[in-house]
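Residue numbers (UniProt numbering), protein chains in the order written: chain C, 1 to 311; chain D, 1 to 287.
Hints were generated in silico from the structure; no laboratory data involved. Take the hints with a grain of salt, since some may be wrong.
Unchecked claim - Not everything, but these chain D residues come out facing chain C in the computed CB check (under 7 Å):
| # | residue |
| --- | --- |
| 1 | A14 |
| 2 | L17 |
| 3 | M38 |
Stated by the list, open to error - If you want the ones that stay clear, here's a sample from chain D, every Cβ over 12 Å from chain C, calculated:
| # | residue |
| --- | --- |
| 4 | M19 |
| 5 | L66 |
| 6 | G123 |
| 7 | V166 |
| 8 | I242 |
| 9 | Q261 |
| 10 | A279 |
| 11 | D285 |
Stated by the list, open to error - Only part of the chain D face toward chain C is listed, based on derived beta-carbon distances under 7 Å:
| # | residue |
| --- | --- |
| 12 | R18 |
| 13 | R20 |
| 14 | W22 |
| 15 | W104 |
| 16 | G105 |
| 17 | V110 |
| 18 | T112 |
| 19 | Q113 |
| 20 | G114 |
| 21 | S116 |
| 22 | S118 |
| 23 | R213 |
| 24 | S217 |
| 25 | A221 |
| 26 | V281 |
| 27 | R282 |
In this text, a Cβ means the ideal position worked out from N, Cα and C, and glycines have one as well.
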Amino acid sequence: MTELMVQTDGLTKRYGSGDHRRLAVDSVSMTVRRGEVYGFLGPNGAGKTTTLRMMLGLVRPTAGSVSVLGRPAGRPEVTARVGALVEGPGFYPFLTGRDNLLVMARYRGLPERVVDAALERVDLADRGDDRFKSYSLGMKQRLGVASALMGDPNLIVLDEPTNGLDPAGMADMRALIVALARGGQTVLLSSHLLAEVQEICDRVGVIDNGRLLRESTVADLRGSASLRLRAEPVDRALAVAMRVAGDDGVRVLGDELVLELPATAAPGLVRDLVAARVDVHEVASRERTLEEVFFEMTTTHRNDETEEALR
Amino acid sequence: MNAILTATMRSTRAELLRMRRWPAVWVTLGAWAALALMFGYVFGYLAYKTGDNSFSNEGESMSSVLRDLMPISVPDVLLQGMPMFGGALMMVLGAIVAGSGYGWGTWKTVFTQGPSRSAAVAGSLVATTVYVVGTVLFTLVLYAGVSLAIAVSEGQHVVWPSAGSVLESVLAGVLVLEMWALAGFALGTLARGPALSVGLGLVWALVVENLLRGVGSLLGAVEALTHVLPGTAAGSLVGSLIGVDAGGGTPGVVDAISGTQAAWTVLAYVVALPLLSIALVRRRDVA
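Chain D with its partners taken away, still in its complex shape (with noise of 0.2 Å):
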């Protein structure tokens, strides 16, 4: 057991190195943060400056969308864009940090080095996690410094949202991002190239389950597939935390099924992903 904690340990070590110095996974980041910033904050804080109906705050007063650029507001602001353009983006993470190595060679080398290859995947599993929850508290310190900003330039009293409803919306965003990443990871390690796993996986996600929902409300059968699948988990453990706006509001955000029941779905993916992806690479033979 030690042998095997030992050996994660020093993949883990070993895949956060490469991953920090792996351009492609900043620019996947950056392309969140720059996303996250836009429909967050910039759009919002537009529309309210210049007193437009932009789509973005259609049939809403003013004060509503002050209130949503508000320190108050960012539990809610942090988890609305998680289950489609975050869930997204870390897909395409998951399926890089898996993917590539084939076509590079690299996960041969790894195997050759001394972990187990359940060590060596556990390790990179554990290092995109890291990527994960990292990337969330950044997007939270980001958040809290802006609207912090909008808040005093534009004179409103600060009023912080309580620790409980912070930690909540950590911890949601942090299981939707997690099994968006890990069921990238599966993907890459299904088809062994980033390429056909980002593109397959951007379809399903932004796409597939879009579709699915729309046709599950006319059929019943289809419907039941759709409560279990990702991304209706993930909008709807989002959608029970913030709510979900009349007419449909964010992309992604639903309420399809329970929060509990969301939350214990996607609960089950995050276990469920990795293993698959370590019982795969554990049979594979390695060219």
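The following block holds chain C by itself, in its conformation from the complex (with noise of 0.2 Å):
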């Protein structure tokens, strides 16, 4: 099996034609490997889903290729071992959670045990014979997942998969994302939510407008750490810091100092600053958020473009 669980080459979509042609998405490519989590990160509208229905086969890229499992997506044999909710739970609202689930697994060729399990594991088996239209829309996304979560396909493709969710409901859906990882099973997470993304993917790729920002592991994304200090005079501290985290290593954010050091530089740096007769009030390690990292890259990537619009 190939270790390359995703391969997009050049994804593009566009909707209309003439004048009311739009991008969707444009010349995407990416990579999910096997027994990762990746986070596909973007606002809303920066087309997410789009690129998610393509590598279903639910919508025709007009250019480029998607692969999934080694083959090409939308076939057969690859969408039988692929679980997915895109774009909101699509179920039959006569029908019970636990009835619609069973016509999926019919579609599936699958037993019907595999549907109370796959109830348990989201927490519904209590409310599998209410009908789906008597569902919160929690309730909804969580047979979404339990739908896709039948018959252990390879590939786990979760579309917003906490949209609607509450707060608890939030932490057992990251919970049982990491649980489906650590069984060996890869999943696409496609969210907004960039501390959801942070805590439990290894991967991500940011989106924006169609483009792919950056694919990278959330740890090089967010750069490495650094130490926040609050001392007075300030003029000495920043000359002390200055000669701790060298001349670029500084920069003044307010009355506050922020030296690119790692938290265990921060000892050390506190006995200089003693030393220099500098009195501190605070020394914090820090690290960049996503929502940071995320916004700079949107922001500049916005900014360009109208720059470029302009000239």
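Two chains, each in its own frame: build the complex with the hints.
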């Protein structure tokens, strides 16, 4: 079996024709490796769902290609080994949750017992005999995830799986996804919630305006940690800080100094500051959140575009 | 080939399950059963009992009204309501089966389960066909029972129709209802929703074809066109088997084309409509 679970190459989708053409996905090339939790990150309308739809064979690409499990996307032998929840759960409103899963199990050719196991897994066992239309948004979402899990597919594609869940439900969902990955299943997860991705994903792809801006590990994306320092007098503190972290390693942020040093450098720094008779009010290790990185990335990208448009 | 068959079987089993538990299906079929019973037997029996000249027995003598209620007439009664009312209801059935899944997003879910789109749609078509055949057989049994009850209560000698005439009626009935169900399915697929397809389909089946046949008697070109339309074909197929009353008689039952030509035309629709549905679904982007 291939190590690359998903590979897209110049994947493009254009909607409409003539003057109303809209580029939903613009030459996206990304890879999802076996066994990882891949976070597909972007604001609403960035092209995440359209990309996922092309991976599942629901939508035909305008250009480029996508292979899943080493074969062209959408082939029956591929979809049979992929579990998916895309753009909200689509189920029969008049059927109970259990019957809905039973119908999908029949489509997949799975025995009936997988249904109860799947309901159990998303905590819906006691509501399985209620009609789908009586479910809350969060329960519908969980039923969608249950359906994607049936038959232990090699790849699980979840489009905004925590949509509509309350905080406890979100935590449960994250735990479930982590458990799936531990069990050897590959999970491709789209989200606009950075905290979620940061917590559970091994690698992320950042998409905005249909373009894949970056693809890397979460750690790489966030970069190294920094130290935040509040001390007085500021000029003397700055001098010490620049001696320790280097001239380019210090930024002044309001009444704070930000030093590009790992947390382990904190004790040495404090010793030097105290020796230089500086009053240290606060030293904290600080990691950039994915959110900051993300906004940095998407805003610069947009600014570039605006400049291009102005030229 | 085997893989396709397996996938189609799985899809059929899945569709049969969701249709069996779908109230809208039973409402539609229940409406047919109620209409069939009323127009087939209830009104005729009331007219016979009260001796009124109601609209359904205009110009008929009481003995011919009674004859229509006897078991021997079951094959004719079975077919008389099918070209129009039965067809319209089957069109509703086909349209909701095919069309509702787009709004609910269930086709999207189904198409990511494993079976190819062709297999999934074929399964849905087979399941719909099972319901159509079941409807015809159920109606046959219902009619046989009711006519037997009337014969016994009226003290008439019970004469059953020949097996050949029953088989002929059942086959023609299945063909006619199946064509309308498949037309509904194709419309539902085309419109990606039940509402527009049901509306347009009903206007077509109940109104437009009748109007066109009216215009056709004046304009040769329109008449030639009506001869290949589904309603005319279904009506003529039934008309060739049960006869057309002078003065119009049963709505939708006509003798515009010969029985053979009608049967071939209906058959052509039964083959072409599912292929159209499958071709449409295979090509499209599913949101």
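Checked hints:
1. A14: holds, 4 Å
2. L17: This hint holds: D/L17 lies near chain C, its Cβ roughly 5 Å from the closest one there, short of 7 Å.
3. M38: Check failed: Cβ of D/M38 comes no nearer than 28 Å to chain C, outside 7 Å.
4. M19: violated, 10 Å
5. L66: holds, 44 Å
6. G123: violated, 8 Å
7. V166: Nearest chain C Cβ is 34 Å from D/V166, so the label holds.
8. I242: Per Cβ check, D/I242 is outside 12 Å of chain C; nearest 37 Å; holds.
9. Q261: About 40 Å separates D/Q261 from the closest Cβ of chain C, which puts it past 12 Å; holds.
10. A279: Its Cβ never comes within 12 Å of chain C, the nearest being 15 Å, so this holds.
11. D285: violated, 4 Å
12. R18: This interface hint holds because 5 Å falls under the 7 Å limit.
13. R20: Where the cut-off is 7 Å and the nearest Cβ of chain C is about 10 Å from D/R20, the hint is violated.
14. W22: holds, 6 Å
15. W104: holds, 6 Å
16. G105: Constraint on D/G105 satisfied, holds at 2 Å.
17. V110: holds, 6 Å
18. T112: holds, 5 Å
19. Q113: With a minimum Cβ separation of about 4 Å from chain C (threshold 7 Å), the hint on D/Q113 holds.
20. G114: For D/G114, the interface hint holds, since the closest Cβ of chain C sits about 3 Å away, which is under 7 Å.
21. S116: Check passed: Cβ of D/S116 comes within 5 Å of chain C, closer than 7 Å.
22. S118: Where the cut-off is 7 Å and the nearest Cβ of chain C is about 10 Å from D/S118, the hint is violated.
23. R213: At about 38 Å, which exceeds the 7 Å cut-off, the nearest Cβ of chain C leaves the hint on D/R213 violated.
24. S217: Where the cut-off is 7 Å and the nearest Cβ of chain C is about 44 Å from D/S217, the hint is violated.
25. A221: violated, 36 Å
26. V281: Where the cut-off is 7 Å and the nearest Cβ of chain C is about 12 Å from D/V281, the hint is violated.
27. R282: violated, 11 Å
Violated hints, in rising order: 3, 4, 6, 11, 13, 22, 23, 24, 25, 26 and 27; the structure is consistent with all others.
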